[in-house]
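Trainee: Sequence:
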Amino acid sequence: MLKKNVTISLDGCVRGATLCFPASPGIIALGLVFGTVAAQKGLSFLETIMINSLVFAGASQFVAMEVYGSPLTWGLVVAMIGVTAAVNMRMLLIGASLRPWLGQVPAWQTYPALFFLTDLNWLLAISEYDKGTRDWGVYLGGGLFCWSIWSLSVVPGYFAGSLISDPKAFGLDVVLPAFFAALLVPLWKGKRQTYSWAVAGGVACLTWYLFGGYWSIFTGAIAGAFAGAYLDD
Numbered sequence: 008m009l010k011k012n013v014t015i016s017l018d019g020c021v022r023g024a025t026l027c028f029p030a031s032p033g034i035i036a037l038g039l040v041f042g043t044v045a046a047q048k049g050l051s052f053l054e055t056i057m058i059n060s061l062v063f064a065g066a067s068q069f070v071a072m073e074v075y076g077s078p079l080t081w082g083l084v085v086a087m088i089g090v091t092a093a094v095n096m097r098m099l100l101i102g103a104s105l106r107p108w109l110g111q112v113p114a115w116q117t118y119p120a121l122f123f124l125t126d127l128n129w130l131l132a133i134s135e136y137d138k139g140t141r142d143w144g145v146y147l148g149g150g151l152f153c154w155s156i157w158s159l160s161v162v163p164g165y166f167a168g169s170l171i172s173d174p175k176a177f178g179l180d181v182v183l184p185a186f187f188a189a190l191l192v193p194l195w196k197g198k199r200q201t202y203s204w205a206v207a208g209g210v211a212c213l214t215w216y217l218f219g220g221y222w223s224i225f226t227g228a229i230a231g232a233f234a235g236a237y238l239d240d
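Take 8 as the starting number for the sequence shown in the numbering used here and just add one per residue.
Some hints here could point you the wrong way.
To be verified - Here are the simulated distance ranges between beta carbons:
id, residue 1, residue 2, range
1, Pro119, Thr25, 17 to 27 Å
2, Thr25, Tyr118, 20 to 30 Å
3, Arg106, Ser16, 20 to 30 Å
4, Tyr237, Leu99, 12 to 22 Å
5, Leu213, Leu121, 24 to 34 Å
Quick caveat, the hints were computed from the structure, so don't treat them as lab data. Glycine included, every Cβ here is placed at the ideal spot set by N, Cα and C.
Using the sequences plus the hints, can you model the full thing?
Mentor: Quick look at the structure:
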């Protein structure tokens, strides 16, 4: 038993994994695509496994691979750091939203558990928290499940990479945006929230149109956060 009735249990972890299970086809598809992209970029099997399992950053792994080239120069390294930082800026807001829950958990448990933070298990954990759940095993179990499926699915994708000359020909380039779009459905809570979403989407599209690159993710997230804050009762 932790402070303020915050607990962790095996049942909670199992529940978190169960909640994430319906999304496993999407996770597997993303892992397969990343394995394919990594193979076509010339990464070794070991390098692919390490970046996929140790970095475990989903979307930012893809954008890093778009920038990656061989030989790897300091300029490429800086560019990869920049684009991955832009994509992962959303984690600042996601992590802050977990503070009321994990802020009551000892640091030696909280910080290692944050490695398993993803959009999916965050979304489901926050939903359970709003329902009164205080067993943070829901968050941890969901994260462990996502990490396991993600780590395994990259293997067949890597070995299939040599067989797929153009991933876009199979529509694999739309898997990632489709997965994130599907995550929005359970987040929608009414028309009022749609305003902040519209602001975020509008600013992101405008940024992408004017400047290109991945800064649209950062500007859209910040604009949506400010819009949501000012529109909130």
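Trainee: For the range 20 to 30 Å, tell me whether the beta carbons of Arg106 and Ser16 fit it or not.
Mentor: At roughly 21 Å between Cβ atoms, Ser16 and Arg106 fall inside 20 to 30 Å, so the hint holds.
Trainee: Holds or violated: the 20 to 30 Å window for the beta-carbon distance between Thr25 and Tyr118?
Mentor: 25 Å, holds
Trainee: Taking 12 to 22 Å as the hint, is the beta-carbon distance of Tyr237 and Leu99 inside that range?
Mentor: 19 Å, holds
Trainee: Go ahead and decide if the range 24 to 34 Å is satisfied by the Cβ distance of Leu213 to Leu121.
Mentor: 32 Å, holds
Trainee: Is it true that Pro119 and Thr25 lie within 17 to 27 Å of each other by Cβ?
Mentor: At 22 Å between Cβs, range holds.
Consistency with the previously given hints is maintained throughout, with no hint failing.
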